[in-house]
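Just so you know, the protein sequences line up as chains E and V, in that order. This note's numbering numbers the first residue of the first sequence as 1 and each following residue consecutively. This note's numbering numbers the first residue of the second sequence as 1 and each following residue consecutively.
Do not take every clue at face value.
Stated by the list, open to error - Facing chain V, from chain E, some residues (calculated, C-beta under 10 Å):
(1) L63
(2) G65
(3) D381
(4) T383
(5) R391
(6) A395
(7) T397
(8) V410
(9) L411
Claimed, not checked - The following label-pair restraints were derived from C-beta to C-beta distances:
(10) V:D116 to E:R165: 28 to 38 Å
(11) V:N25 to E:S434: 35 to 45 Å
(12) V:E113 to E:P78: 49 to 59 Å
(13) V:E126 to E:S434: 24 to 34 Å
(14) V:E132 to E:T99: 58 to 68 Å
(15) E:R192 to V:R107: 56 to 66 Å
Honestly, the hints are just simulated from the structure, not real lab data. Note that the Cβ used here is the ideal one computed from N, Cα and C, for glycine as well.
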Amino acid sequence: MIESYLRAFERTPAPGGTTAPDWARSLRLSAITRFETLGFPSTANEDWHFTSVAPIAEREFTLLGPPKHGVTPAQIAPFSFGSADWHTLVFVNGRFDATLSSSASLPDGVTLLPLARAYDELPLLVEQYLGKVAAYEGDTFTALNTAFLDDGAVVHVANDVEVARPIHLLYVADAGASNGAAQPHNLIVLDRFAKATVIETYAGLGDGSYFTNAVTEAVVGDGATLTHLKLQRESAKAYHVGTLDVRQARDSHLVSFSFATGAALSRTNIYTELRGEGCGATLNGLYLGDGDQHIDHQTRIEHVEPNCYSRELYKGILDGSAHGVFNGKVYVHPEAQKTDGKQTNNTLLLSEKAQIDTKPQLEIFADDVKCTHGATVGRLDETSLFYMKSRGINARTARELLTYAFAADVLETIELTEVREGLEAATLRRYAASV
Amino acid sequence: MLEIKGLRATVADKEILRGIDLTVNAGEIHAVMGPNGSGKSTLAQVLAGHPAYVVTGGTVTYEGEDLLAMDAEVRAQAGLFLAFQYPVEIPGVSNAYFLRAAYNEIRKARGEEEIDPMSFADLMDEKMQLVEMDPSMLSRSVNTGFSGGEKKRNEILQMAVLAPKLAVLDETDSGLDIDALRIVAHGVNSLKRPDNATIVVTHYQRLLNYIVPDYVHVLASGRIVRSGGKELAVELEAKGYDWLLEEAVA
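Bound conformation, chain V alone (with noise of 0.2 Å):
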């Protein structure tokens, strides 16, 4: 599904990814993991296109084609969803108004039927319950006033109504009580499919408590230093980080 080879990528001007190697199959879920300014939530913006980082090497395949020549929209449109680590605000905009603009238009990027507006409250209805969100936050402008746990839950609901087929998820963990984190966890868990990959990119392990991955990666100073299965979560949470540091150095 996704198959990045040797990507490097720069933000003004300073280096943060230095040639990183990841394949990722339908059906499985990634963690990656690592210390902060390792790269992770570079990582996660560059997949979905931030203009602010400037891809200086490598590639990125996507379902067969060259991710990185596509615009930010086309890469939703084709299945890709980012959750961000910081939601944005968008006063003047409605929940409910933004998430069926952007459910049409990846429905029409799929050569769909745009759905009426009672059938998309049905839907909502639907993926409301699974993040345990109140209907009354549909009305509310996106993220706007939401405490953070409501932002995160919010881009699980988004995640939930848009259907990707490749979720990266930003830090979704940070700043989540447990209850958050367990809801969070929940909807993600929910959404999993054999035709669906997920990335959940975090610095503790204590997400992978609850969304269990396939593969470990462990990320520093922009390159992926040890890969290995779910038991490499729970030795990074004993030792730290730290040991690996000074083995990728030596």
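So that you can see chain E by itself, here it is in the shape it has in the complex (with noise of 0.2 Å):
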């Protein structure tokens, strides 16, 4: 209901109190006139072919509010993998939550701020790049974040400087919240040369059916590297929409994960441009799916310059009547020769009713490139149950530990050890409990 949110914009006078400038208050009104003119997408939609966003467009959801009860450190620590020294921001039902978070520490040329202190401290970078990266003008989902526009995190990494540790963005919506909506929007800038490794992860604590719609909006500098891991872990009631949109200049790299699991109905964009030649960009990810539950991925590599190269994996596991869906779109603008690209998808169904819809989108304009896709989907392959059997592993432990085998595939590739090793541990007790 395109209303309820045209009514709930108005009655919300400023963003992030009154610490917003004139400029943020001007793009957030531009961005709810542009929300109001695209409305919900269709199926008729391209990009929303294979998922209805009917069930979050047909609600009304207000701003979710602070939590009835406090959220406590015990709540959110199953989502830190046991990582107390972790640059953390935590965020409930929207809302940064100092005493929950533990920035301090931070090596020199590295700020990570709540969006409302960073209109303040870096006001020419926050200037600079909020809701230029993301486009608003032709997406609802990143025009209705923008419009509301309030909380979240800038993370600025200065030249040369390398984050030894991780910087995780905590998004949780309390075990009470349901009916409301979260609007948080992330910015990453890597300046030259910089290191970073960014989580963000969205989690819900309850089982509300509450909307989350998150924008994250990233600059990678020249050289530098950014490993980006967005994991998806909302309650199983709740719908989620998330993008992160990156922009990279000259030899640099992106090292994109997405793991979805939560969640009623989500989709997650990744997109990311290649905007300098020798750049490599990295895209991987995990969806696991059960119940009728919709879990939707969209990824965009643009090649718009040459010698650079993407690479991309996404497996999944549905089971259940769980509806999957991956797009994967990797354009070759004309002067990005010598592109070398590589998209695999392979998604694996445990059930008759579950179903994936794989779409690999190659769009190539320039004559001298390398790029492959494929897709496969399945059910375990029976030569690797016959050789497990063969070797006295019984039918259900090696149906189990195959399953678990095809996500920890895709798990492995992720380099920071206490995701992979508590995402791999989560995974084994999902699929392989006999194990």
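With the hints as a guide, bring both chains together as one complex.
And the structure:
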């Protein structure tokens, strides 16, 4: 219901309390206008062909308020992988929570702030990039997010600085959160030769039916490397739309992993533009669905300049009546000669009713490129099952191990040990209970 | 130990085995030879319980039990082992994990305690030396990215760890250079005991220079057309298979 958002917009006087600058108010105003014009996409829209957003569009979500009962460190502990020394900003129902956060002892040259403070402390940087990387003109959900731009995280890493410990942006919906929406907006800027790992977690602490609509904009400077992990672990009844929009400069690298297991309906967009020569982008992901879950991923890699590579491996395991969608777009612009692109999407279906729509889309306008894509959909490999059984491993264990292994194959690409091992352990528990 | 009588089997409705008779006793090594398409590998797969092969006649008695009534994993737990001609890659499952899971299942089936990881590591050290495998292979996914020789050595490593009563080696020599062949043969010979037995399925006599069989059987068109001692293998090497096939037809 577009009208409910328009009314909510009228009622929300100023973003970020009173700290937001005038340009941010203008940005919000033009975004709400754009949202009103675009409306929610129907399945006639090519980008939403396999995903109906009616469950979101037909509901009336007000902005989530503060939790009735405070969120405790113990409640968020399961999402931090046992790592006490990460730089963590915690947001509850979309609002920054200083008491749960621990961003002390940041190295020199690294700034990590909630948006409201960034307006004061990094005014030029925020004005330069906010709302500029993730274009809201053509995307309803980004427009909606930008219209309600209010809270989120800003990460800035200066020239040549390598941030040793991961930065964790942890968004939780409290156990009582329901019928409300959160519109978090993050900005990550890595200057020349900077290096950082940023984890975004979206998690539900209860079983509420809330809506998270997140946007993260990232600018990766010359020779810089951004490792980005998005972990979508929303409550089973929640709705989640999350976009990562990256702009890469010369010789920069993006290593992205998207893990999606929560929410009744989720859509994750991972977009990057390789705007300089010598860039690399690695986009991997794993989606695990069951029940009536709908899990959609759309990736878009724009090869604008020559001599760049992209690697993409998305895998999924779907059980019950779960419905997965993978749409991987790779655009190779006319100037982008010597582009080397590889895209793979493999889905394992564990039940008759589970389904996947997979749509690789390569659009190549340069003539000297190497681009491949492949997709498989299937069940457990009988030959592998027989091989394991022929070694004495019983049929159930063999099935469980192979299911786990299917996921582990892509999880092992995660370099950050705590996250890799944490997700492997969770996946093992889920699919290989008897092992 | 193993008694095969009149065994017939089909794959995709095509009859491959047309009445095999073979008896293997403890302490013996049998070589099954034959040209391509004679049914050698099918025999090996049927013994291990591959679901794609349908047994249409005959009996197989293993240690007094009806082997054909057992699931593949029960056969393995009862001490039967097949070294695959084409070992399967399993990305995402480490070699060490796979071997320990298999080893523990087989111990459980024998009523023995599961082995603790430390003792298992010691066992692996010993067995890996036998097949000259680098310890780093243990942390890699099963057969994934292994060379042909590494895969075959990995099969023999599994055999060494699982210590079967009856091992069936399906063309373990194919695609191996002479060094790898020696290593594999040394592994097999070291595992020979008076109470176990081995069936070596091979196209070439070469392997039998290293693993000396007590009996040699020649398979053609799904039947054993000739049995003899190890000298039969030498004769086959010199004369090829054609003369036997002609005799069989005649």
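Going through the hints against the structure:
1. L63: violated, 42 Å
2. G65: Nearest chain V Cβ about 44 Å off; hint violated.
3. D381: Holds, because the Cβ-Cβ distance from D381 of chain E to chain V comes to roughly 8 Å (cut-off 10 Å).
4. T383: Since the shortest Cβ distance to chain V is 6 Å, the answer is holds.
5. R391: holds, 4 Å
6. A395: OK, holds: A395 of chain E within 10 Å of chain V, min 6 Å.
7. T397: Constraint on T397 of chain E satisfied, holds at 7 Å.
8. V410: It holds, given that the least Cβ distance between V410 of chain E and chain V is near 9 Å, below 10 Å.
9. L411: Holds. Min distance 8 Å.
10. V:D116 to E:R165: 28 to 38 Å: The hinted range 28 to 38 Å holds for D116 of chain V and R165 of chain E, with Cβ atoms some 35 Å apart.
11. V:N25 to E:S434: 35 to 45 Å: holds, 38 Å
12. V:E113 to E:P78: 49 to 59 Å: Violated: the Cβ-Cβ distance is about 34 Å, outside 49 to 59 Å.
13. V:E126 to E:S434: 24 to 34 Å: Given a distance of about 29 Å, which is inside 24 to 34 Å, the answer is holds.
14. V:E132 to E:T99: 58 to 68 Å: holds, 59 Å
15. E:R192 to V:R107: 56 to 66 Å: holds, 58 Å
Violated hints, in rising order: 1, 2 and 12; the structure is consistent with all others.
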